[in-house]
Amino acid sequence: MTPLKTSVSAASDRVWKKPPFIANPWLRYGLLAVTVIYLYWAFATLPFDWERISEGLPRAGRIFGGAFPPSFERGTLLWTGFKESFQIAFLATLLGVSLSLPIAVMAARNVAPLPVYLVGRALIIVSRSFHPVIVAILFVAAVGFGPLAGILTLTLYSIGFVAKLLAEEIEEIDWGQVEAMRSVGAGYLKMLVYGIFPQIMPRQIGLAMYQLDSNLRASAVVGIVGAGGIGGTLMNAFGRYDYDFAFAILLMIIGIILISEAISGWVRKKVW
Amino acid sequence: MVDHAATLTDRVWSRYDRKQQWSRYAVYLLTFLAVVWAIKDIDIFWPWVWDAPNQIQSLAVRMWPPAFNTWHEIFSAMLETVHIATLSTLLTIFIALPVSYIAAQNTTPNKATLWLGRFILVSSRSVNTIIWALLFVAIFGPGVLAGILAVMFRSIGFIGKLMGEAIEEIDRRPVEAMEATGASQMKVVLYAIVPQVMPAFFAIIILRWDINIRESTVLGLVGAGGIGVLLQSSIDLFAWQTVATILLAIVVLVVLGESITSALRKKVI
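Residue numbers (my numbering), protein chains in the order written: chain A, 928 to 1199; chain B, 12 to 280.
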């Protein structure tokens, strides 16, 4: 009994400490110091308008007070806005997905020669770099206000995403089927249609569904810069301080996104 | 022999049976009808569509060559964009971590907190950054703060959801071992959960920082700071060559951000 007790008390003298996440103390404290300095620098250089910000809380109270209860009175406006958003998303997905097929073939290293590959990759990088809202204002400047600009924007947006993932999919296909096609003397187009496309088909449908879903989300924001759809209605409601109507639109957007997420998830599960 | 070949060729190989075939036709027909409806119903002025390639081309001509004389202004606006992205990502952590803790099924105290956590995550993700920005500009006025808050509120849903999933996938045994020794809830979190989700945490934060850089480039269009403010004013002034420079700068920033994050990710994981 006694020896056991001493061993316990001896053990409790040694306190266990958790090993640090970054073993090197210089690196650990260095990173901490860099973070603190960065935070100080960023907060010091950013232009904050404290006076305007301090008015924020009462203003937020007024805004949310005005937003409750949400008003669904202007139902027709709501309906036209959402209908247009849906049409934009649908047409853009169709266009974008069909255009992304040839671009994906161009951007896949195993089926495209080097110069074509570089062009395909460049197309994808450029259409992925810009946020859809930036693309939307450029198209609004070029082709005018309205759903046309929205469709063009989301088509480009779809190409960036779908073509990139499809190109990766093509690069990973089972090459045996292509070799089989080649050995019977099939041309390039036949090789694509019978050797490659069937292999990427399920992925293509899944991506198209996902893209329809994300285009529906994006179509709500391209309207803010004038490219058609519910975003324009929302922007107007905000501009006219119609917070109850704006809140109703927001609720509808959230609801529709949840529904479309559920539908596209279900379809993808069926296809895969 | 000849007979046998004839019977073989009579049977045509087909990939789908009749039911599958019909359901495929139904999907095609539905899609076709939806396209017809959308094209007929949408409010598009068709002459503009045929004119669009010309218009886009003429815009491109006006943008060429990019004007670099305002590079100083562009650089400082870019810096502001990066600040917005970084600060908002750092600040999001403080809100997203507790939310992810209550939104994970294995750590949440009870059903009510689970649904509260999920509600916060879903509403944060469903509202786009630009729409959050619109709201915060209305509250706090145009400026950087509205931008930071907008990106923050959008990131909570993303980081919280992925972190919640990471927490749900942890190995249960260290937690049980800790609980068996009578450790407090706080200690269980610190010593049994945190070390397990640490790598996922860094990977998610880095990924979100990359996304936030892109998101921050557009905040200025609704007045919430960053390069977007400059972009909007250059467009309003029809200074297309400056616009082209800004667009180039955005591509450079995005590609730079992507290469930094992929390097960091390799180090962390």
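Please note: incorrect hints may appear among the correct ones.
DSSO-like, lysine-lysine: derived pairs with alpha carbons at most 30 Å apart [what the hints assert, rightly or not]:
{"id": "1", "chain 1": "A", "residue 1": "944", "chain 2": "B", "residue 2": "30"}
{"id": "2", "chain 1": "A", "residue 1": "1196", "chain 2": "B", "residue 2": "30"}
{"id": "3", "chain 1": "A", "residue 1": "1197", "chain 2": "B", "residue 2": "30"}
{"id": "4", "chain 1": "A", "residue 1": "1010", "chain 2": "A", "residue 2": "1196"}
Calculated directly from the structure, the hints in this document are not laboratory data.
Here's how the hints hold up against the structure:
Under the criterion of a C-alpha separation no larger than 30 Å, the hint pairing residue 944 of chain A with residue 30 of chain B is inconsistent with the structure, at around 66 Å. Taking the CA atoms of residue 1196 of chain A and residue 30 of chain B, the gap is about 19 Å. The hint holds against a cut of 30 Å. Of the pairs offered as hints, the one joining residue 1197 of chain A and residue 30 of chain B holds, with about 16 Å between alpha carbons and a cut-off of 30 Å not exceeded. Only pairs whose Cα atoms come within 30 Å are accepted, and residue 1010 of chain A paired with residue 1196 of chain A is accepted, the gap being roughly 27 Å.
Violated hints amount to a single one, hint 1; each of the other numbered hints is respected by the structure.
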